[in-house]
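Student: One letter stands for each residue in the lines below.
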Amino acid sequence: MNWQGWLLWGFVATLALTTMLSGSQALGFTRINIPYFLGTAFTPDRRRAKLYGFFLHMANGWLFAVVYAFIFESWGHANWWLGGLLGAAQAAFVLIVGMPLMPSFHPHMATEQHGPTASRDLEPPGFMALNYGVQTPVSIFIAHILFGIILGAFYHVHL
Amino acid sequence: MASLIYAPDDPLNAPMPAKCAKIQDYGIIGDCRSAALVSREGSIDWLCWPKFDSPAIFCAILDRGCGGYWRIAPTNAEGVIRKYVPDTNVLQTTFRCGSGTVILTDLMPVSSEEFKRTTRLPDHEIVRQIECSNGEAEIEMEFVPRAFYGLESVAIRDLGKLGIRMKVGKGVYWLRTNATLNLNEASVHSHFHIRAGEVFQFSFSYTEEAPALLNPLGDFVHDGIERSIAFWREWTSRATYEGPYREAVVRSVLALKLLTFAPSGAIIAAPTTSLPELIGGSLNWDYRYCWLRDASLTIRALLGLGYWDEASDFMEWMLHTTWLTQPELQTLYTLYGRRALAERELKHLSGFKNSSPVRIGNLARDQLQLDIYGEVIDAAAQYVFHGGTLDAGMQKALLGFGKYVVKNWSLPDEGIWEPRSGRSKHTHSRLLCWTAMDRLLNLRDHGWNLSEAASFSDTRKQIQEEIHSLAWNSSLQSYTSVLGGDQLDACLLLFAWYGFEKSDSPRMQSTYARLRDQLDAGNGLLYRYRKDHSEGAFALCSFWEVEFLALGGGTQQAAESLFDHLLSFQNDLGLYAEEIDPVNGNALGNFPQAFTHVGVISAALSIADRAKGAETLPHRQEKASSHSAVQGAKA
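Chains as they are written, first to last, in my numbering: chain A, 1 to 159; chain B, 160 to 794.
Check each hint, because a few of them may be wrong.
To be verified - List time: in silico BS3-like cross-link candidates among lysine-lysine, alpha-carbon distance up to 30 Å:
no.	chain 1	residue 1	chain 2	residue 2
1	B	Lys-512	A	Lys-50
2	B	Lys-512	B	Lys-210
3	B	Lys-242	B	Lys-329
4	B	Lys-661	B	Lys-620
5	B	Lys-620	B	Lys-584
6	A	Lys-50	B	Lys-555
What the hints assert, rightly or not - Derived Cβ-Cβ restraints for the label pairs, each shown as a range:
no.	chain 1	residue 1	chain 2	residue 2	range
7	A	His-108	B	Asp-382	22 to 32 Å
8	A	Val-97	B	Arg-279	42 to 52 Å
9	A	Arg-48	B	Ser-693	54 to 64 Å
What the hints assert, rightly or not - One-sided excerpt, in silico: chain A residues whose CB lies under 7 Å from chain B:
no.	residue
10	Ala-26
11	Gly-28
12	Lys-50
13	His-57
14	Pro-116
15	Pro-124
16	Gly-133
Because the hints were derived from the structure by calculation, they are not lab data.
Each residue gets a CB set at the ideal place from its N, CA and C atoms; glycine is no exception.
With the hints as extra help, turn the sequences into a complete structure.
Tutor: Dropping the structure here:
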């Protein structure tokens, strides 16, 4: 296990993923704001939620990078396209399984069955997070593929 | 099992209606995710599941032959009377037969989120319970599902004691009852005898997640009805309004609540598509979307009645769900803030009383309506003045709208009424652009840091000057619908409401007199902008007239007198459509209509304010933050 590669490139890949998703939101491709999305599980304060969510997302990224590292080690090699494939697989899992499950995990997220009580909660993402904009799946796919490519390409690079 | 009959006060002497006679013959039931229309003869003729904008499984209201329906009624009914169980959205239709009286209870069961977390309940359900209060009767049930707006018949399978199962698309419907059913290829029928004290129950549910929940009937359904009644009564009890016309106001807010999509906070204009604005006409539109032009009055209605959570949800929806198009705003959005469907016609449906075409989607999505910026900003300002807070993202969004207005306010647009004949320089759009600037400057006075204040102030002044000079027709002695025009528009009544010009000013008094003349539809009603009889009188405009009078344009008595008159046009359940046929008083257009019910509430609030001697337009003053009603609701 290349711990140094995981630590460094896991961090870089997560930063790239977060930047990519934030950029997608800023450019109007999607409404999803991942730090806010995660952080509101802990606080209703929007500013703090974004901060908490940012750190949580970074920790998540590092955690997932460990899984990537284990897979690369079990395969015996790593390259950009294998990383990209893993990223695509992770994105598919996040969108198809993770997003519809979010209302079950997130304490302040409404479900598709919410009502009539006024929610005061986050709207649910729905299948493939399409409720946040039709281009949301595309943004998430590209960001995760980028995450995988960075990890795959640089995992064995020693500085 | 205890009786659930809430005996009506009135005698059962109303005659049985002919099938699908009038739009006002319908009542609405719902669960804040979808809604169904139930006719006076016990037929559910409109239902879209799982959401308001999903394809209909029952749409007989738009085509008796092709659209599906679900009817439960006595075979020999001689009279019918309907009412909601007081302070609820649980509908009861009482049929008088020669041999007895039966009561049909219709609802989509609702309960608190806490209860839902502890009990397994169907994702979507309609419960229908028929019981005999005296004598006996023969009951007929016809269940005719037709998927995708009547395009497809539904394969029905009898699974014995489990019930009737219907697989459609990615979902499955279940029909369960304690009555004996007979299946045909694409429909289910039942004919049974009911005696005093007997109860038959029907549960129709839908899910897209297998396995579906098949809850028992009997006490479980009975408890569900009682729980729903308790839920709605608790919700209604939170209304802090104690002024005149309370019954109409409460019914209006209950209807408005049914048009709310709880998972996102959106409020749709109406739950139906293509109910005609003129019988036999082609002004038939899909209203199952959220229009921003309703924002300001909607927030006023919700805050004025103390429904703080609903107002907050709607604010969140407006400022966050529209993110993808900001700083530009679209005229209308879907429940989750997406672009509306492209408009298309369902040619297989003949339409309500042959009023075709039937349309889904809405072309107005591509229009430019500059008034909506002022609507959203004014709604936000009211929210803040009542004590609400807007986070940095919301403030940034509002400032973005403000800058957009500075840049674009002088453009011609389609305007509030969405004509498809092109763009003009609408006075109302300018009024709302002025409102946008004015409210942002008000918010600065309220403590906002507004670096753009100078440009907002300049723009406000320019718009004001333009309206005063170019929207005023000196030969008519009236403001006009478009700059330099000679036609009037009921929107002009809102000058006072938005604080642009007092309603007792000479210009407004003169405009009102001219408007009453030009737009008079007869029967005390108003057309919205023209008098060519291509549509009915616009119900909301008459409630604007009440507001105009209540805000000083007339006497308190005149405002109350008009309000009383307008109440005569609500149906027997207290519901309004978009328009009213001025000749016979029939409802026209999509039904029930959120905008009209918002108008009812807002007009009643203004009448109540004036009766109390409150300051004019207290909802837009900073001191509104100490408004006891809202503070009570927040607490």
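Student: Give a verdict on every hint.
Tutor: Each hint tested on the structure:
1. B:Lys-512 with A:Lys-50: violated, 54 Å
2. B:Lys-512 with B:Lys-210: Satisfied, since the Cα-Cα distance of roughly 26 Å is no more than 30 Å.
3. B:Lys-242 with B:Lys-329: Cα-Cα ~36 Å, so violated.
4. B:Lys-661 with B:Lys-620: holds, 17 Å
5. B:Lys-620 with B:Lys-584: holds, 17 Å
6. A:Lys-50 with B:Lys-555: The hint holds at about 16 Å.
7. A:His-108 with B:Asp-382: 22 to 32 Å: holds, 29 Å
8. A:Val-97 with B:Arg-279: 42 to 52 Å: Once the Cβ atoms are compared, 22 Å apart, the range 42 to 52 Å for Arg-279 of chain B and Val-97 of chain A is violated.
9. A:Arg-48 with B:Ser-693: 54 to 64 Å: holds, 55 Å
10. Ala-26: violated, 10 Å
11. Gly-28: holds, 5 Å
12. Lys-50: For Lys-50 of chain A, the interface hint is violated, since the closest Cβ of chain B sits about 9 Å away, which is over 7 Å.
13. His-57: Violated: closest Cβ of chain B sits about 18 Å from His-57 of chain A, beyond 7 Å.
14. Pro-116: Where the cut-off is 7 Å and the nearest Cβ of chain B is about 4 Å from Pro-116 of chain A, the hint holds.
15. Pro-124: Cβ of Pro-124 of chain A sits 6 Å from chain B, so the hint holds.
16. Gly-133: OK, holds: Gly-133 of chain A within 7 Å of chain B, min 5 Å.
In summary, the structure is inconsistent with hints 1, 3, 8, 10, 12 and 13 from the numbered list given earlier, while agreeing with the others.
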